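S.K.: Chain residues, written in single-letter form:
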Amino acid sequence: MSEKAYLTAVIEAYRQSMAADDDVILLGEDVQKALLNTSIGLADEFGEDRVRDTPIAEPGFTGIGVGAAMDGKRPIVEYQINTIPHLTMEQLVNNAARIHHMSNGQYSVPMTVTVPMAGSPGGLGPQHSEAPHAGLMHYGMKQVIPSTPYDAKGLLLSAIEDDDPVVVYFPVVLQGDTGEVPDETYTVPLGEAAVRREGDDVTVVAVGETVPQATAVAEEFEGEANVEVLDLRTPLPLDEEAILNSVKKTGRVVVVDTGNRMCGTAAEVAARIANKSLFDLDAPVKRVTRADAPVSYSEPEEGEVLPDQATISQAVEDVLSPTF
Amino acid sequence: MMCGSICQYRGIMSQETNVHDHDKSNLREMYRQMKLTREVELALLDLVEAGEIPGDAHMCNGQEASAVGTCFALDDDDLITGTHRSHGHVLAMGTDVNELLAEFGGKKTGVGGGRGGEFHLYDPENGVFETSAVVGASVPHGAGAALSSQIDNDDRVTVAFFGDGASNEGVVFETMNMAAIWDLPIVFLCENNQYAVSTSSDYSIPTDDISDRATAFDMPGKTIDGQDVLTVYDEVSEAVAAARNGEGPQFVECETYRYFGHFSAEQDLLGDRPYRTEEEIQEWRENRDPLKLFKDRVTDAGVMDDSEFEDIDHAVDETVEEAVEFMRDSEEPAGERALETIYAEDNVQPAPKYR
Numbered sequence: 214m215s216e217k218a219y220l221t222a223v224i225e226a227y228r229q230s231m232a233a234d235d236d237v238i239l240l241g242e243d244v245q246k247a248l249l250n251t252s253i254g255l256a257d258e259f260g261e262d263r264v265r266d267t268p269i270a271e272p273g274f275t276g277i278g279v280g281a282a283m284d285g286k287r288p289i290v291e292y293q294i295n296t297i298p299h300l301t302m303e304q305l306v307n308n309a310a311r312i313h314h315m316s317n318g319q320y321s322v323p324m325t326v327t328v329p330m331a332g333s334p335g336g337l338g339p340q341h342s343e344a345p346h347a348g349l350m351h352y353g354m355k356q357v358i359p360s361t362p363y364d365a366k367g368l369l370l371s372a373i374e375d376d377d378p379v380v381v382y383f384p385v386v387l388q389g390d391t392g393e394v395p396d397e398t399y400t401v402p403l404g405e406a407a408v409r410r411e412g413d414d415v416t417v418v419a420v421g422e423t424v425p426q427a428t429a430v431a432e433e434f435e436g437e438a439n440v441e442v443l444d445l446r447t448p449l450p451l452d453e454e455a456i457l458n459s460v461k462k463t464g465r466v467v468v469v470d471t472g473n474r475m476c477g478t479a480a481e482v483a484a485r486i487a488n489k490s491l492f493d494l495d496a497p498v499k500r501v502t503r504a505d506a507p508v509s510y511s512e513p514e515e516g517e518v519l520p521d522q523a524t525i526s527q528a529v530e531d532v533l534s535p536t537f
Numbered sequence: 510m511m512c513g514s515i516c517q518y519r520g521i522m523s524q525e526t527n528v529h530d531h532d533k534s535n536l537r538e539m540y541r542q543m544k545l546t547r548e549v550e551l552a553l554l555d556l557v558e559a560g561e562i563p564g565d566a567h568m569c570n571g572q573e574a575s576a577v578g579t580c581f582a583l584d585d586d587d588l589i590t591g592t593h594r595s596h597g598h599v600l601a602m603g604t605d606v607n608e609l610l611a612e613f614g615g616k617k618t619g620v621g622g623g624r625g626g627e628f629h630l631y632d633p634e635n636g637v638f639e640t641s642a643v644v645g646a647s648v649p650h651g652a653g654a655a656l657s658s659q660i661d662n663d664d665r666v667t668v669a670f671f672g673d674g675a676s677n678e679g680v681v682f683e684t685m686n687m688a689a690i691w692d693l694p695i696v697f698l699c700e701n702n703q704y705a706v707s708t709s710s711d712y713s714i715p716t717d718d719i720s721d722r723a724t725a726f727d728m729p730g731k732t733i734d735g736q737d738v739l740t741v742y743d744e745v746s747e748a749v750a751a752a753r754n755g756e757g758p759q760f761v762e763c764e765t766y767r768y769f770g771h772f773s774a775e776q777d778l779l780g781d782r783p784y785r786t787e788e789e790i791q792e793w794r795e796n797r798d799p800l801k802l803f804k805d806r807v808t809d810a811g812v813m814d815d816s817e818f819e820d821i822d823h824a825v826d827e828t829v830e831e832a833v834e835f836m837r838d839s840e841e842p843a844g845e846r847a848l849e850t851i852y853a854e855d856n857v858q859p860a861p862k863y864r
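For the protein sequence lines, the chains are A and B, in the order given.
Residue numbers for the first sequence follow the numbering used here, beginning at 214 and rising by one.
Residue numbers for the second sequence follow the numbering used here, beginning at 510 and rising by one.
Treat the hints as calculated values from the structure; they're not laboratory data.
All figures in this text were calculated on a predicted structure; none of them were measured in a lab.
Every residue gets a Cβ at the ideal spot worked out from N, C-alpha and C, and that includes glycine.
Any given hint could turn out to be false.
[What the hints assert, rightly or not] Sample of chain B residues facing chain A (criterion: CB under 10 Å; computed from the structure):
| # | residue |
| --- | --- |
| 1 | T590 |
| 2 | L630 |
| 3 | S647 |
| 4 | H650 |
| 5 | S657 |
| 6 | N677 |
| 7 | G679 |
| 8 | A688 |
| 9 | I714 |
| 10 | L779 |
| 11 | A853 |
| 12 | R864 |
Hey, can you work out the whole structure from these sequences and the hints?
M.R.: Put into structure tokens, the structure is as follows:
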């Protein structure tokens, strides 16, 4: 066990999965030179056959990943930008996420798509700042957003071992974070949310880069209210049981997500609470999400759109003193 | 084999001499598969028109030779990917005709348990990697299988069938490019049936031949008579051998024609706005029909006589009648099955429509 950066944990997961299983291959733009630093040294160690630079042809190389996965490989397909899923939606949704069903179980697609430039890194403007996970989970595709270095490695290794297609996001703002990461291989199961901080007054459900924000808010309220922070880890599979258990305990809930509000992950969580835990609630469910607006290049406008600590804090305040 | 201005033929012509190069048993089997395909499609159309099955029919009548000639050129381990018009492809690969009809019927006994229907077919035991209803979508999957072959250094070749319409899809260009830079063992098999629904390939494709596009990827390409099963077999065999031999991807364009509309509801939609003339369809049916051409050539060569063909025809008719009965006698799945076999793992519980 040692202290490692989030990005180091990702590199270790890539390397250990390739070392453990010859069927794991990596496809993506600039992966041999490791532009995004996730694949440093892999081409030298595993060869250019398994660590393959692709032309800028995302629907094509995603489809090639799907085919290789159907044939028994376990491809990792790396996307440079968080908006690439818009371009590859057809291969991801209509193919990767449908083939096991359409073939009546005769084929599986054990492909992992990684998005190392996930979230809104700041100053990249409207076309490079999306959080597309809700759109994909809407169509049933597994979505994973690790919030800690430990999870980055363990969840990525689970995704690669999973026999279904999975998209794993590495939020840019978390990549310098450090934490305890075991040297050996380990997995964190998909579909198990984590309580990051225990509390019995308010539940903040968060995911990805909003988890540290939620934890900071919980610290702010220390002495005033005990705020529980529940990290979804994997928007799909969604750990409904963990959410409902926490709400049962606290009766007050704020749902935080980096994605858009309309039809977003937070909307799904809020709907499930409304359906199953209404009589546990002492206040309306509040959501803190990205505003339903594109992300501007302008810093003040970007700040206006993205969820932040101050807004989560306001929401906790509001559920503690609800005005119906 | 000139047939007038409408279907003026540009590609590699049939070789009148090559009937004798083939075993008679192979010739019989090629004819049987073409005839089976033709009759299965007609049976499907009847079922659609009678409202006996859930969906529509994307029939390949007129295109039997490119399916059979190509699949005949493959080894047991080789794979194909197909399109929305792939009944001929899968039958030629050996998919059980009962299971195919049952799939048309949405029955449990179908090759995909009734889930995919007529244009999402998967039959790994017979080398049918996939047929996809989304135009061009299965082509990169074929290249993915070829990539897998290359990494494993196995001897397998994948043939990706697609049409003139799909040849304009970006993902097909992207896949051809990657297959070429990586030397993947794949044959791009373009069945140019002249129309993407109502849009003619003369209109949508600027080059004389679709195979001209292979040149842009430094890939060997040729356009052949897709109506002559022996030409298809010979030319595709050559392409498959090259791909297997490490010479990289190959491109073969089969010039062909579909007799029926894009799908069985086309006429209802188009009404009185036809995109081709009856004369044109008749000209192909009369002068370039794959079954007629084959029969003429084989009987002219004295290898088979009319009664031998009739025996095959009768046997095929029986097979198809039995398959239709098998479909009719098969059970539909219970609706509750819908929430099963969506994920390969059990870590997601799909939600029902109400709770």
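S.K.: Now, for every hint given, state plainly whether the structure supports it.
M.R.: Hints, one by one, checked against the model:
Annotation: T590/B was flagged as interfacial toward chain A, and the flag holds, the nearest CB pair being 8 Å apart, inside 10 Å. Hint status for L630/B: holds, given a least beta-carbon distance of 9 Å to chain A, under 10 Å. For S647/B, the interface hint holds, the least distance from its beta-carbon to any beta-carbon of chain A being 8 Å, beneath 10 Å. At a threshold of 10 Å, the smallest CB-CB gap from H650/B to chain A is about 3 Å, leaving the interface hint in force.
Given the 10 Å rule on beta carbons, the hint for S657/B holds: about 4 Å separates it from the nearest Cβ of chain A. Because the smallest distance between the Cβ of N677/B and any Cβ of chain A comes to about 14 Å, over 10 Å, the interface hint for this residue is violated. Interface hint at G679/B: satisfied, since its Cβ lies 7 Å from the closest Cβ of chain A, which is below the 10 Å cut-off. Because the closest C-beta pair between A688/B and chain A is about 9 Å apart, less than 10 Å, the hint holds.
Interface restraint check for I714/B: the shortest CB-CB distance to chain A comes to about 20 Å, outside 10 Å, so the restraint is violated. Annotation: L779/B was flagged as interfacial toward chain A, and the flag is violated, the nearest CB pair being 26 Å apart, outside 10 Å. Annotation: interface hint on A853/B holds; nearest CB of chain A at approximately 4 Å, less than 10 Å. Given the 10 Å rule on beta carbons, the hint for R864/B holds: about 8 Å separates it from the nearest Cβ of chain A.
In the structure shown, a violation is registered for the earlier hints numbered 6, 9 and 10, in ascending order.
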